[in-house]
Amino acid sequence: MASRLELFPRPRYSAIPTVIPYSQKSFLPSSASARSSRLVSVACADDRTHPWRGESSVLVTSTRLPRRNAMTFIFSSLIFSEVNLRGITLAQPPVVFREYVDTFDGYTLNYPKNWIQVRGAGADVFFRDPFVLDENLSVEMSSPSSSRYKSVEDLGPPQAAGEKVLKQYLTEFMSTRLGVRRESNILSTSSRVADDGRLYYDIEVNIKSYANNNELAVMPQDRVVRLEWDRRYLSVLGVENNRLYELRLQTPENVFQEEENDLRRVMDSFRVMKLVEDIELCKMPNPFSLQLLIKQLDEDPPLLGWVERPGWTGLS
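Each residue of the sequence shown is one higher than the one before, starting from 1 at the first, in full-length UniProt numbering.
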């Protein structure tokens, strides 16, 4: 049985390559045997009826495709797929911003909608990215009792203000760990007048933190210095109500390259505003006016900072 060519029917539902004994390759056309090294040959047969004889050498033959044509087809497919992919851009949904207004302290800003607010972080307000934990924003302000700022120019020119901001950052990041080293530089400082007519300073700094992997090692070669983090810090300074306001944005340097436009939108949205002097509402010429004020507070929703309770006595 092994000395003759075995042919098998071709069912529609299953097919495998046809195996032909190497000793019977003379049954093939002379052109196929002569160019067998340059052809890709395939034949189909029934896998359930095919008896594998275990011959040491076999040939597979049927529909033949020259190797040169096969390689041409493969490369052309790659080229056309590359051309088509260049015209397709993975469109990401635009970042949606929310407006945050603090009428009690006197500032407003826009922040990404998916950022979450963290309370008890030490700042007046604090938002952070839920996925990139090193990316956040916060607002801080000077004490109204100890500061008498009239304009942001009281800090000097933008470059001088940038040096003060960088010094403040380095003071806050001061570490008592052995082998910790910080590298910092001011990237840019500028001033601008916003649509509210107020002057603002924009400051950008970069800070890198390095630390030893084994700070207690005796030999210097055992203390390998590695980069802990590389961050971009963006600050916006403004003055109103005799107070200095600072918007802080922190993001890893590699993330900043991807989200620069969105972060600058947050910077441009920061505004300071004059507080409502609700204390002066109590400076009435007679008690009758104060009674009218209390009656109005009972009828209308109270202003921010007022306490609505029976026997109201003042501010919270």
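Because the hints were derived from the structure by calculation, they are not lab data. Source: prediction; values computed, not measured. Think of the CB as a built atom: it goes at the ideal place given N, C-alpha and C, for glycine as much as any other residue. Some clues are possibly wrong.
[To be verified] Only pairs whose alpha carbons sit at most 27 Å apart, straight line, appear in this in silico DSS-like list of lysine-lysine:
| no. | residue 1 | residue 2 |
| --- | --- | --- |
| 1 | Lys150 | Lys274 |
| 2 | Lys164 | Lys113 |
| 3 | Lys274 | Lys164 |
| 4 | Lys274 | Lys113 |
| 5 | Lys164 | Lys150 |
| 6 | Lys167 | Lys208 |
| 7 | Lys167 | Lys150 |
[Unchecked claim] Quick list of simulated restraints, FRET-style, between CB atoms:
| no. | residue 1 | residue 2 | range |
| --- | --- | --- | --- |
| 8 | Val255 | Val276 | 31 to 41 Å |
| 9 | Pro144 | Asn214 | 42 to 52 Å |
| 10 | Gly197 | Glu99 | 32 to 42 Å |
| 11 | Ser190 | Val224 | 14 to 24 Å |
Structure-inconsistent hints, enumerated in ascending order: Numbers 2, 10, 11, in rising order.
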